[in-house]
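Anchor point for the sequence shown: position 113 equals 141 in the numbering used here, and the numbering is continuous, going up by one each time.
Some hints could be false.
To be verified - As a list, the in silico DSS-like pairs of lysine-lysine whose alpha-carbon atoms are at most 27 Å apart:
#	residue 1	residue 2
1	K240	K141
2	K94	K163
3	K285	K163
4	K163	K83
5	K285	K94
6	K83	K285
7	K83	K94
Unchecked claim - Label pairs and their computed distance ranges (CB to CB):
#	residue 1	residue 2	range
8	Y36	H128	57 to 67 Å
9	I61	H250	33 to 43 Å
10	L73	L98	46 to 56 Å
11	R280	L95	37 to 47 Å
12	G254	N130	18 to 28 Å
13	R80	A50	16 to 26 Å
Source of the hints: derived by calculation from the structure; they are not laboratory data. Please read all numbers here as calculations on a predicted model, not as lab measurements. All C-beta atoms in this analysis are idealised placements derived from N, C-alpha and C, irrespective of residue type, glycine included.
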Amino acid sequence: MKKMLSNYTEWLRLIVAVILMAASLIVSGLINIPYVPVGLLLVILVNWIMFRSEKLNLSAIGFDLKLCHLRLIPLGLIAAFLAYLLCYALGAYIRGNELHLNLAIDWEAFFIKFWLVLPTAAVQDFLVVGYCYHKLIRLTNIRLATLVVGLCFVSMHDVWGSNIIDNLFLMLTTFAGYLMFTTALLRSGSIWLAVGIHWGNNFTNSSVFTYKRTATSWLYLHGPLGVSSIWQAIALLVVLPLSSIIVILLVRAIWRKRQLFG
Numbered sequence: 029m030k031k032m033l034s035n036y037t038e039w040l041r042l043i044v045a046v047i048l049m050a051a052s053l054i055v056s057g058l059i060n061i062p063y064v065p066v067g068l069l070l071v072i073l074v075n076w077i078m079f080r081s082e083k084l085n086l087s088a089i090g091f092d093l094k095l096c097h098l099r100l101i102p103l104g105l106i107a108a109f110l111a112y113l114l115c116y117a118l119g120a121y122i123r124g125n126e127l128h129l130n131l132a133i134d135w136e137a138f139f140i141k142f143w144l145v146l147p148t149a150a151v152q153d154f155l156v157v158g159y160c161y162h163k164l165i166r167l168t169n170i171r172l173a174t175l176v177v178g179l180c181f182v183s184m185h186d187v188w189g190s191n192i193i194d195n196l197f198l199m200l201t202t203f204a205g206y207l208m209f210t211t212a213l214l215r216s217g218s219i220w221l222a223v224g225i226h227w228g229n230n231f232t233n234s235s236v237f238t239y240k241r242t243a244t245s246w247l248y249l250h251g252p253l254g255v256s257s258i259w260q261a262i263a264l265l266v267v268l269p270l271s272s273i274i275v276i277l278l279v280r281a282i283w284r285k286r287q288l289f290g
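Working from the sequences, and respecting the hints, build out all of it.
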């Protein structure tokens, strides 16, 4: 009976955390303070409160100011940048696109976007590889927790459209991205690596290597962006999640054993 009550309490704690996370996002939408990432601060606060309720702190997910953890941010940025560049070039080759170099980059806009992407990426990381993921692993196991939270992560993105092939691409790449973040957390022992990778990935694919020319693009494409054959679709299906796979393999090569739940 005591064990049953204990399990009930732990599941209830997880439910409370989910409710508080959702509430923090709603509240952040009502508060507008210039240059202050209110949503990120509130989500981090909820994570801290929930960990403290179990006599833990944010160091349980490696969120601290240790140099060994902080240096994971640039590592994640560089890894995501290079992996996406490779997949971007392969995708262009498969579709028959030309790569064009942008010679008129607006560097002010570039660095503004660079910093604006960080809070959005970090909020998602604390939602899906923070306390809730940590707790669900302890209540179940790593594989089930990763599957459940990964599907939640996919649902947080706009992956539904009229084209079923595009939908499949988006769902596959989004879930592969989530596996990349969980691998970063579990292997390195710090959410900082997941944040760095997520930050680099989101910024690179939205503002650096783009389909159409933008003020911040380094490279952009010229030519058809759709698929003209089933073989193109299959090739792209293989290539699109490749950047996540490359980063996962790199992380696993650097950290051969899990630092969390090892």
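Hints, one by one, checked against the model:
1. A distance of roughly 17 Å separates the Cα atoms of K240 and K141; the hinted pair therefore holds under the 27 Å criterion.
2. Note on K94 and K163: the hinted pairing holds, with a Cα-Cα distance of about 23 Å set against a maximum of 27 Å.
3. For the proposed pair K285 and K163, the alpha carbon gap of about 20 Å is at most 27 Å, so the pair holds.
4. For the hint pairing K163 with K83, the CA-to-CA distance comes to about 13 Å; that is within 27 Å, so the pair holds.
5. At most 27 Å may separate the alpha-carbon atoms for a hinted pair to count; K285 and K94 meet this at roughly 20 Å.
6. A distance of roughly 26 Å separates the Cα atoms of K83 and K285; the hinted pair therefore holds under the 27 Å criterion.
7. For the hint linking K83 to K94, the alpha-carbon distance of about 20 Å falls within 27 Å, and the restraint holds.
8. Between Y36 and H128 the C-beta distance comes to about 59 Å, which sits within the given range of 57 to 67 Å.
9. Taking the beta carbon of each, I61 and H250 are about 42 Å apart, inside 33 to 43 Å as hinted.
10. The hinted window of 46 to 56 Å between L73 and L98 is violated, with their beta carbons roughly 20 Å apart.
11. For R280 and L95, the Cβ-Cβ distance of about 23 Å falls outside the hinted range of 37 to 47 Å, so the restraint is violated.
12. For G254 paired with N130, a C-beta distance near 23 Å keeps the hint of 18 to 28 Å intact.
13. Restraint check, R80 to A50: a C-beta distance of roughly 20 Å satisfies the suggested window 16 to 26 Å.
Violated hints, in rising order: 10, 11; the structure is consistent with all others.
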